[in-house]
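These protein sequence lines map, in sequence, to chains A and B.
Each residue of the first sequence is one higher than the one before, counting from 0 in numbering that gives the first Met the number 0.
Each residue of the second sequence is one higher than the one before, counting from 0 in numbering that gives the first Met the number 0.
Only true hints are included.
Cut-off 25 Å, straight-line C-alpha distance, at most; resulting in silico cross-link-like pairs (DSS-like, lysine-lysine):
| hint | chain 1 | residue 1 | chain 2 | residue 2 |
| --- | --- | --- | --- | --- |
| 1 | A | Lys-241 | B | Lys-42 |
| 2 | B | Lys-257 | A | Lys-73 |
| 3 | A | Lys-41 | A | Lys-222 |
| 4 | A | Lys-126 | B | Lys-126 |
| 5 | A | Lys-257 | B | Lys-42 |
| 6 | B | Lys-241 | A | Lys-73 |
| 7 | B | Lys-146 | B | Lys-126 |
The set of hints was computed from the structure by calculation and includes no laboratory data.
Protein chains: 2
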Amino acid sequence: MREVYIIGVGMTKFGRLPEKTLAELGREAVWNAIRDAGINPKKIQAGYCGNVQGISLWGVFGSGQVVLWEVGIKEIPIMNIENACASGATAFREAWLGVAAGLYDMAVAFGVEKTFVRKGAMIDIGKGFFENRMGNNMPGEFALRAKRHMHEFGTTTEQLAKISVKNHHNGCLNPYSQFQKEFTVEEVINSSMVADPLTVLSSCPNSDGAAAAILTSRSVAKKHCKKPVRIAASVLRTGSHKNDRNLAVFDVELQAAKEAYDMSGYGPEDIDLCECHDPFTIAELMHYEGLGFCKIGEGGRLIDQGEVEIGGRIPFNPGGGLLSNGHPVGASGMRQIVEIVWQLRGEAGRRQVENPRIGLAQIMGGGIEMDVAAEAIHILARD
Amino acid sequence: MREVYIIGVGMTKFGRLPEKTLAELGREAVWNAIRDAGINPKKIQAGYCGNVQGISLWGVFGSGQVVLWEVGIKEIPIMNIENACASGATAFREAWLGVAAGLYDMAVAFGVEKTFVRKGAMIDIGKGFFENRMGNNMPGEFALRAKRHMHEFGTTTEQLAKISVKNHHNGCLNPYSQFQKEFTVEEVINSSMVADPLTVLSSCPNSDGAAAAILTSRSVAKKHCKKPVRIAASVLRTGSHKNDRNLAVFDVELQAAKEAYDMSGYGPEDIDLCECHDPFTIAELMHYEGLGFCKIGEGGRLIDQGEVEIGGRIPFNPGGGLLSNGHPVGASGMRQIVEIVWQLRGEAGRRQVENPRIGLAQIMGGGIEMDVAAEAIHILARD
Chain A
0 MREVYIIGVG MTKFGRLPEK TLAELGREAV WNAIRDAGIN PKKIQAGYCG NVQGISLWGV
60 FGSGQVVLWE VGIKEIPIMN IENACASGAT AFREAWLGVA AGLYDMAVAF GVEKTFVRKG
120 AMIDIGKGFF ENRMGNNMPG EFALRAKRHM HEFGTTTEQL AKISVKNHHN GCLNPYSQFQ
180 KEFTVEEVIN SSMVADPLTV LSSCPNSDGA AAAILTSRSV AKKHCKKPVR IAASVLRTGS
240 HKNDRNLAVF DVELQAAKEA YDMSGYGPED IDLCECHDPF TIAELMHYEG LGFCKIGEGG
300 RLIDQGEVEI GGRIPFNPGG GLLSNGHPVG ASGMRQIVEI VWQLRGEAGR RQVENPRIGL
360 AQIMGGGIEM DVAAEAIHIL ARD
Chain B
0 MREVYIIGVG MTKFGRLPEK TLAELGREAV WNAIRDAGIN PKKIQAGYCG NVQGISLWGV
60 FGSGQVVLWE VGIKEIPIMN IENACASGAT AFREAWLGVA AGLYDMAVAF GVEKTFVRKG
120 AMIDIGKGFF ENRMGNNMPG EFALRAKRHM HEFGTTTEQL AKISVKNHHN GCLNPYSQFQ
180 KEFTVEEVIN SSMVADPLTV LSSCPNSDGA AAAILTSRSV AKKHCKKPVR IAASVLRTGS
240 HKNDRNLAVF DVELQAAKEA YDMSGYGPED IDLCECHDPF TIAELMHYEG LGFCKIGEGG
300 RLIDQGEVEI GGRIPFNPGG GLLSNGHPVG ASGMRQIVEI VWQLRGEAGR RQVENPRIGL
360 AQIMGGGIEM DVAAEAIHIL ARD
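Given the sequences, and given the hints that come with them, work out the whole structure.
Given below as structure tokens:
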């Protein structure tokens with residue numbers, strides 16, 4: 000398979016955007032990526048769209064076609080991918096595969112979602128599952144994980160809260176982020192309880208938004224792009240409860256991270272920044288461990304010692320994460336890719352990590368009942 | 000890219016199956032395909048699932064993971080694909096791509112859907128579209144096409160009705176088909192009007208069902224399978240209203256068919272049978288023309304002269320089509336693949352076409368507003 004490069008990225012601001020349709024959000028992100036790449040959109044030979052709730056919330060099937068029709072891209076193969084929170088990352092992976100295989104010379108991958116329907120509404124896409132019907136929704140799942148992690152490793156509510164404080168701080172440096180407000184540890188801990196120990200400010204909001212990337216072969220990238228970013232690894236994996244449902248460890252992530260490091264030839268010591276899946280504070284802390292930046296159980300130390308801040312040893316979510324950007328489900332995985340590309344090109348403004356060469360994007364989708372449905376890891380590198 | 004072969008297929012009976020969940024339907028089809036291939040399911044390295052309404056009707060996201068979890072297939076990459084009626088065919092295409100690229104040595108593609116919610120309910124997944132809100136649902140769209148075809152080419156209601164008669168006849172020969180009843184031309188014409196000139200018996204029903212195929216490389220297929228079926232072409236294309244919205248011609252299909260014939264090295268004269276998208280009678284007639292089996296406007300002659308019957312020059316929908324099998328949206332494209340594999344292997348029982356060597360599967364998804372969202376054509380060949 001061929002090496003694949005990203006030559007353009009773009010996104011919308013994330014947030015509550017009732018004035019914009021799903022098609023308009025997607026169009027804005029895709030056009031921004033096309034302009035960033037400086038290409039003629041007619042060069043794009045395939046489109047992959049990550050979307051979860053287009054049909055269920057808005058009566059829109061074929062989100063990818065709807066968006067690209069608005070961009071003026073027609074006739075090519077267009078596919079819509081659903082993999083829960085990992086939908087955008089999975090669309091990106093399939094676009095990578097198409098270009099890597101040589102089936103397409105250029106493809107656009109994007110994620111788009113409108114999840115905000117009304118204040119206080121929770122995403123309700125799991126009612127077909129037994130555990131959901133028994134009351135175990137997403138906040139409940141991550142609260143169980145948090146409680147178990149605290150029990151096994153002594154992780155504290157303060158440590159979890161510091162992750163929210165950090166990500167909201169980073170979000171203030173990111174003009175695309177939904178939240179633009181600093182919070183203190185006390186404010187996070189004392190905000191309304193959602194599922195003990197997770198409060199409102201320990202949780203990501205429902206949001207609208209879209210993000211996109213243009214992928215192409217090495218030869219095209221090297222000819223047309225000053226700062227191409229190489230896709231060094233693309234890994235997708237489903238969980239298996241191999242660890243006997245030990246909720247304090249993402250077993251699937253240990254395997255997926257190993258695969259991604261093997262595929263890229265890099266190790267955790269080579270990674271300069273991470274964008275990870277932080278729908279709740281505990282998730283980010285578990286990813287410090289799952290991705291190999293510390294031993295299992297030591298995540299709390301990383302946030303205490305500032306290692307995951309911008310300027311620290313391994314900045315996590317310099318873009319603000321889901322906690323600050325919000326979580327348009329199908330778009331979040333693509334937003335991470337966009338942020339890493341901006342960081343690797345040195346275009347991340349006030350939240351710029353110092354001279355990064357390699358970045359890692361991690362996102363997962365799915366719930367407890369059948370473990371994690373989709374763990375996606377991408378490693379991107381500046382040559 | 001490598002040549003890819005199908006070494007096993009399986010499906011459920013299609014119909015109203017309220018006693019079976021989406022997971023159970025998918026499991027049955029995938030297990031049937033695994034048993035047919037005679038492989039250890041642990042050999043499967045990726046899963047692609049076509050599904051449209053899992054979230055909107057049943058609150059089940061990650062249908063592919065849910066199904067494969069029940070089969071006992073975990074840890075591997077699993078992706079869910081939505082492309083309206085072409086979802087199953089698109090899942091199959093992506094699995095083909097993964098094996099062709101060499102990323103996977105063996106993959107399972109399947110489609111699964113439960114659309115039957117109550118008698119008389121129509122599939123309502125397009126309410127986000129302007130033309131749908133103005134009243135133009137799927138029966139309306141195809142009725143417009145029928146009226147235009149009749150106006151331009153003199154096609155008659157009798158000719159359209161004969162397609163329903165033929166497909167219901169073929170369905171009686173297919174134990175997997177929802178309908179097992181013969182109808183006369185008069186009965187089709189005199190059944191309740193849905194959208195003039197299309198009656199209830201000119202339309203496919205909502206149904207539940209699943210279908211699956213195991214794909215692998217040439218070397219594995221030749222070693223482990225007595226009757227491997229080669230994927231000679233996989234084409235996916237989005238429409239563009241290039242023909243100025245001439246509703247009597249599927250312009251996108253003329254392009255897609257040309258691509259598929261070019262890719263396979265075969266022409267219409269080489270094709271021994273077709274499974275095509277016949278949600279309404281007019282659709283099948285237009286596919287006679289769009290796929291190149293007669294000139295534009297001459298479709299009526301093919302049905303009048305019996306050329307599209309089993310035993311005719313080019314049997315269309317020997318399995319009974321959507322008109323007889325029903326239309327579990329995400330599964331129909333995969334059912335076509337299964338039927339063609341059975342036909343090419345000589346295992347189609349009473350509906351067997353005589354010694355076929357090459358079969359073509361065509362399905363399309365999407366509506367008028369942005370033309371056809373996805374036209375998928377696969378050509379399968381017995382070596």
